[in-house]
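Colleague: This is what each chain is made of:
Protein chains: 2
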Amino acid sequence: MQNIRTVTQNFDFHTHQFLNHISLDCVVFGFHDNQLKVLLIRMKYTKEWALPGGFVKEDESLEVAANRVLKDRTGLDNIFLKQFKVFSEPQRSDRNPAVKDLIDSGSNPDHEWFNQRFISIGFYALVDFSKAEPTPDFFSDLCAWKTLDEINTLILDHSQILNKALETLRLQLNYQPLGYNLLADKFTMPELQKLYETILGKELDRRNFQRKMLSYGILNKLQERKTGGAHKAPYLYEFNLENYQKALQNGLFGGW
Amino acid sequence: MQNIRTVTQNFDFHTHQFLNHISLDCVVFGFHDNQLKVLLIRMKYTKEWALPGGFVKEDESLEVAANRVLKDRTGLDNIFLKQFKVFSEPQRSDRNPAVKDLIDSGSNPDHEWFNQRFISIGFYALVDFSKAEPTPDFFSDLCAWKTLDEINTLILDHSQILNKALETLRLQLNYQPLGYNLLADKFTMPELQKLYETILGKELDRRNFQRKMLSYGILNKLQERKTGGAHKAPYLYEFNLENYQKALQNGLFGGW
Chain A
123 MQNIRTVTQN FDFHTHQFLN HISLDCVVFG FHDNQLKVLL IRMKYTKEWA
173 LPGGFVKEDE SLEVAANRVL KDRTGLDNIF LKQFKVFSEP QRSDRNPAVK
223 DLIDSGSNPD HEWFNQRFIS IGFYALVDFS KAEPTPDFFS DLCAWKTLDE
273 INTLILDHSQ ILNKALETLR LQLNYQPLGY NLLADKFTMP ELQKLYETIL
323 GKELDRRNFQ RKMLSYGILN KLQERKTGGA HKAPYLYEFN LENYQKALQN
373 GLFGGW
Chain B
123 MQNIRTVTQN FDFHTHQFLN HISLDCVVFG FHDNQLKVLL IRMKYTKEWA
173 LPGGFVKEDE SLEVAANRVL KDRTGLDNIF LKQFKVFSEP QRSDRNPAVK
223 DLIDSGSNPD HEWFNQRFIS IGFYALVDFS KAEPTPDFFS DLCAWKTLDE
273 INTLILDHSQ ILNKALETLR LQLNYQPLGY NLLADKFTMP ELQKLYETIL
323 GKELDRRNFQ RKMLSYGILN KLQERKTGGA HKAPYLYEFN LENYQKALQN
373 GLFGGW
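Protein chains in written order, with our numbering: chain A, 123 to 378; chain B, 123 to 378.
No lab work stands behind these hints: they were computed from the structure.
All values derive from a computational prediction rather than experimental measurement.
Quick reminder that beta carbons are idealized off the backbone N, C-alpha and C, glycines included.
Hints are not guaranteed to be accurate.
One side of the interface only, derived from the structure: several residues of chain B facing chain A at Cβ under 8 Å [stated by the list, open to error]:
id, residue
1, Gln139
2, Leu141
3, His143
4, Leu203
5, Val208
6, Ser210
7, Pro212
8, Asp216
9, Arg239
10, Tyr318
11, Thr320
12, Leu326
13, Gly373
14, Gly377
15, Trp378
Okay, the calculated bits of chain B under chain A, using three or more residues with CB under 8 Å as the criterion [claimed, not checked]:
id, segment
16, 179–187
17, 285–297
Between the sequences and the hints, there should be enough to build the whole structure, so can you do that?
Modeller: In structure tokens, the structure reads:
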């Protein structure tokens, strides 16, 4: 942890263009190998894991800032991105004492900047795992996908932010469609079910799932099957994008 | 508008306890005389209308700050309150030129504070109209309920904030129950329908509304009718709070 002072010093000249007190944290979800994954960064000196995030420039809206951060971390543009909650407990930015001591002992007055109170706007993002290229930021030496099982402690209140993002997704599964930004263009019913199961954290009955899902009218069943040969290979589906968008707008059960 | 300088000067000594760049705006809904109403304040010197709002003290979370603001404006505690979006366009705090000139010409350096860029966290609140006591704040001479029809222009981007709150409510009507904090303990089906209609901004078919609403299982039909005498007086209902809470959690159509 020796060099954290140097790091923050190198970063100093950037800080003046950011708004005080405001940060953003992104919970980036991807789906791969039938598993829900979250993009994390590992801090250079403490080796702690964190959500990717950033600050807001003087001429940026939050949305522009979040897109910039996600472009930097994944190489992707036009990510499906949503504000879900602002985290503002006064103590939330308190760092662990070792890190705080190091920052405090720095001679550079701009270290103050890192020690101020931040309220953080939580965004969640749904990205195409296969297209993202995880890239660390200035403070991290690693950027990587982790399954929920692999995630232990995160810095600050980032575990709470991650859990709230998951909770938001879970709730939305009850009335909004999900999957378009996470699955391949063509997918099987078991793949879609697995996505729901990893978000919900529980197993679902295969037949009920299929019946319910088909009743929403957001899927097109294709003539193709997953693999050419096998007799029992599952059918492929794609989203009916017009109905999918409508259901995103009005909910899966229609409007009044 | 002569005296705005004095007003902001008087306010100065307060400002030091607030976080820079962060404000909150509250869209407070009440229901009265079969109409949806919104609580507004009228600025002392410009006579412009605005949403009630405020700033965040150094030791407050956003939720604590919003509750404080709403307590000050309505006298009510424990208001049903929800963050719904952060408004962060860089130009959103630009004031109309007349007001800006007045503030700029002030000799007090703390006027800077009012001219900084604010991102504003939007909360909506559902309150019992009959119990609220509208009270102006330091910058306003009037605090009053307005029907949607009565609202013309609001300061800054407050119209946009109001519209987004309405849009949020409208969407939620498709999958969440609503009414507990807005209606009296006992209400008629036409009253509940009227509440939905004013939020949706359109008329609904009486029989479809009743059928759909009863199917959710969130209402208890009482033996009483609205008025003792009349033969055709409508039955009274109350919310089944256990089911209502469950539907708030999981959506009106249940979970997976």
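Colleague: Now look at each hint and say whether the structure bears it out.
Modeller: Against the structure, the hints come out as follows:
The beta carbon of Gln139 (chain B) comes no nearer than 12 Å to any beta carbon in chain A, farther than 8 Å, and the hint placing it at the interface is violated. Restraint check, Leu141 (chain B) versus chain A: the minimum CB separation of about 5 Å is within 8 Å; hint holds. For His143 (chain B), the suggested interface contact is upheld, since its CB lies about 5 Å from the closest CB of chain A, less than 8 Å. For Leu203 (chain B), the interface hint is violated, the least distance from its beta-carbon to any beta-carbon of chain A being 13 Å, above 8 Å.
Given hint, Val208 (chain B) at the interface with chain A, holds; its Cβ is 6 Å from that chain's nearest Cβ, closer than 8 Å. A distance limit of 8 Å between C-beta atoms decides the matter here; for Ser210 (chain B) the minimum to chain A is near 4 Å, and the interface restraint holds. Residue-level restraint check for Pro212 (chain B) holds (minimum Cβ-Cβ distance to chain A is 5 Å; threshold 8 Å). Because the closest C-beta pair between Asp216 (chain B) and chain A is about 13 Å apart, greater than 8 Å, the hint is violated.
Taken as an interface hint, Arg239 (chain B) checks out: its beta carbon lies about 7 Å from the nearest beta carbon of chain A, inside 8 Å. Annotation: interface hint on Tyr318 (chain B) holds; nearest CB of chain A at approximately 7 Å, less than 8 Å. For Thr320 (chain B), the shortest C-beta to C-beta distance to chain A is roughly 12 Å, which exceeds 8 Å, and the interface hint is violated. The interface hint given for Leu326 (chain B) is met, as the beta carbon of that residue sits about 6 Å from the closest beta carbon of chain A, less than 8 Å.
A distance limit of 8 Å between C-beta atoms decides the matter here; for Gly373 (chain B) the minimum to chain A is near 4 Å, and the interface restraint holds. Taking 8 Å as the C-beta contact cut-off toward chain A, the hint placing Gly377 (chain B) at the interface holds, the least distance being around 5 Å. Annotation: interface hint on Trp378 (chain B) holds; nearest CB of chain A at approximately 6 Å, less than 8 Å. Counting residues of the segment 179–187 of chain B whose CB falls under 8 Å from any CB of chain A gives 6; the rule of at least 3 is met.
Given a C-beta distance limit of less than 8 Å, the hint that chain A covers the segment 285–297 of chain B holds, as 4 residues qualify and 3 suffice.
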